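Engineer: Numbering (our numbering), first residue to last: 1 to 353.
Quick caveat, the hints were computed from the structure, so don't treat them as lab data. There's no promise every hint is true.
What the hints assert, rightly or not - Below, computed lysine-lysine pairings styled on DSSO-like, alpha-carbon distance capped at 30 angstroms:
| no. | residue 1 | residue 2 |
| --- | --- | --- |
| 1 | Lys219 | Lys190 |
| 2 | Lys219 | Lys209 |
| 3 | Lys222 | Lys212 |
| 4 | Lys93 | Lys135 |
| 5 | Lys222 | Lys170 |
| 6 | Lys170 | Lys212 |
| 7 | Lys212 | Lys190 |
| 8 | Lys200 | Lys212 |
| 9 | Lys219 | Lys168 |
| 10 | Lys190 | Lys216 |
| 11 | Lys209 | Lys190 |
| 12 | Lys216 | Lys200 |
| 13 | Lys190 | Lys135 |
| 14 | Lys200 | Lys168 |
| 15 | Lys240 | Lys209 |
| 16 | Lys219 | Lys240 |
| 17 | Lys222 | Lys190 |
| 18 | Lys240 | Lys222 |
| 19 | Lys209 | Lys222 |
| 20 | Lys216 | Lys168 |
| 21 | Lys135 | Lys82 |
| 22 | Lys170 | Lys93 |
| 23 | Lys190 | Lys168 |
| 24 | Lys168 | Lys212 |
| 25 | Lys200 | Lys135 |
| 26 | Lys219 | Lys170 |
| 27 | Lys222 | Lys168 |
| 28 | Lys240 | Lys168 |
| 29 | Lys200 | Lys170 |
| 30 | Lys200 | Lys219 |
Stated by the list, open to error - Ranges between beta-carbon positions, derived for each pair:
| no. | residue 1 | residue 2 | range |
| --- | --- | --- | --- |
| 31 | Met298 | Asp97 | 28 to 34 angstroms |
| 32 | Ser113 | Met50 | 19 to 25 angstroms |
| 33 | Pro213 | Leu101 | 26 to 32 angstroms |
| 34 | Glu250 | Arg58 | 14 to 20 angstroms |
| 35 | Thr208 | Glu267 | 22 to 28 angstroms |
| 36 | Arg220 | Asp97 | 36 to 42 angstroms |
Being a predicted model, the structure only gives us computed values, none of them experimental. By construction, the Cβ of each residue, glycine as well, lies at the ideal position given by its N, Cα and C atoms.
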Amino acid sequence: MKIIFPILSNPVFRRTVKLLLCLLWIGYSQGTTHVLRFGGIFEYVESGPMGAEELAFRFAVNTINRNRTLLPNTTLTYDTQKINLYDSFEASKKACDQLSLGVAAIFGPSHSSSANAVQSICNALGVPHIQTRWKHQVSDNKDSFYVSLYPDFSSLSRAILDLVQFFKWKTVTVVYDDSTGLIRLQELIKAPSRYNLRLKIRQLPADTKDAKPLLKEMKRGKEFHVIFDCSHEMAAGILKQALAMGMMTEYYHYIFTTLDLFALDVEPYRYSGVNMTGFRILNTENTQVSSIIEKWSMERLQAPPKPDSGLLDGFMTIEFHSCCPGWSAMARSQLTATSASRVQAILLLQPPE
Numbered sequence: 001m002k003i004i005f006p007i008l009s010n011p012v013f014r015r016t017v018k019l020l021l022c023l024l025w026i027g028y029s030q031g032t033t034h035v036l037r038f039g040g041i042f043e044y045v046e047s048g049p050m051g052a053e054e055l056a057f058r059f060a061v062n063t064i065n066r067n068r069t070l071l072p073n074t075t076l077t078y079d080t081q082k083i084n085l086y087d088s089f090e091a092s093k094k095a096c097d098q099l100s101l102g103v104a105a106i107f108g109p110s111h112s113s114s115a116n117a118v119q120s121i122c123n124a125l126g127v128p129h130i131q132t133r134w135k136h137q138v139s140d141n142k143d144s145f146y147v148s149l150y151p152d153f154s155s156l157s158r159a160i161l162d163l164v165q166f167f168k169w170k171t172v173t174v175v176y177d178d179s180t181g182l183i184r185l186q187e188l189i190k191a192p193s194r195y196n197l198r199l200k201i202r203q204l205p206a207d208t209k210d211a212k213p214l215l216k217e218m219k220r221g222k223e224f225h226v227i228f229d230c231s232h233e234m235a236a237g238i239l240k241q242a243l244a245m246g247m248m249t250e251y252y253h254y255i256f257t258t259l260d261l262f263a264l265d266v267e268p269y270r271y272s273g274v275n276m277t278g279f280r281i282l283n284t285e286n287t288q289v290s291s292i293i294e295k296w297s298m299e300r301l302q303a304p305p306k307p308d309s310g311l312l313d314g315f316m317t318i319e320f321h322s323c324c325p326g327w328s329a330m331a332r333s334q335l336t337a338t339s340a341s342r343v344q345a346i347l348l349l350q351p352p353e
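Using the sequences plus the hints, can you model the full thing?
Structural biologist: In structure tokens:
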């Protein structure tokens with residue numbers, strides 16, 4: 001099996017660090033204030049453990065307070081509120097409660113309906129609203145108080161197109177989960193009109209996790225180059241079903257748009273010969289990153305991990321960069337030239353000789 005993790009050439013910032021910088025900027029903008037309070041609104045499942053986003057929020061605030069060089073003579077405090085999934089009314093109420101406490105900014109929630117409700121209130125009152133969810137950017141200025149910690153979808157879309165060109169694919173099948181996937185992949189979808197590329201678009205079944213009928217059609221059509229736009233949980237199920245159908249051989253090459261592919265257990269496919277490509281955000285070889293990961297891991301030990309999630313699940317990062325120094329210099333230079341510097345290098349993880 002060959003797994004490829006490409007990375008973008010933008011400057012490297014982890015989402016957690018981005019959150020710290022946001023809080024730092026807000027802190028200095030408050031002048032001589034010595035205590036700053038921030039609000040966090042998080043969805044929860046009844047009787048479930050604390051979510052990764054709430055853990056990351058607390059982790060970020062505590063990290064700033066421990067490092068007195070970041071905000072001298074200033075202490076950050078927070079108020080966290082939990083809401084039910086997709087409850088926009090409750091989200092609005094919690095946001096108003098936190099604003100009455102004088103919070104400097106509100107973080108979350110993640111799901112679109114609740115996040116939009118909170119964002120509307122923050123826009124009206126001129127309070128920064130920090131989100132981690134994917135959001136389709138709009139052209140007007142109504143989101144002037146909105147800060148996204150999620151990688152820009154257009155950059156990721158262009159990087160995927162760069163990969164397709166680098167691999168010299170002439171035929172590609174795009175398999176998406178919901179309609180937002182078509183927005184995220186718009187650069188690729190527009191490619192046939194500009195490049196010599198045949199594109200086939202398929203949608204995963206909406207009411208079932210059984211993708212075998214779809215995979216069977218793809219196998220019969222000899223669709224060997226496939227791009228999956230879905231969550232990493234769904235990707236795990238697809239890989240298992242593809243293995244059962246004999247679609248994990250050296251003839252197949254899959255690209256996954258999820259940024260959490262590296263968190264999956266790919267050991268069962270290690271010797272299958274299949275090619276898998278995914279985007280990785282963390283440079284675990286970097287000493288600063290490894291230090292934060294170590295501290296984050298200790299925080300995560302206090303809450304049971306979610307099923308099918310990796311150790312780094314919920315560790316918020318913002319930009320892409322290199323994963324490991326062991327790549328081929330030739331491959332790196334070729335890919336950089338092909339992608340106009342958007343994709344910087346590739347990492348080939350191969351089974352030992």
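Engineer: Tell me, in ascending order, the numbers of any earlier hints that this structure violates.
Structural biologist: 22, 33, 34 and 36
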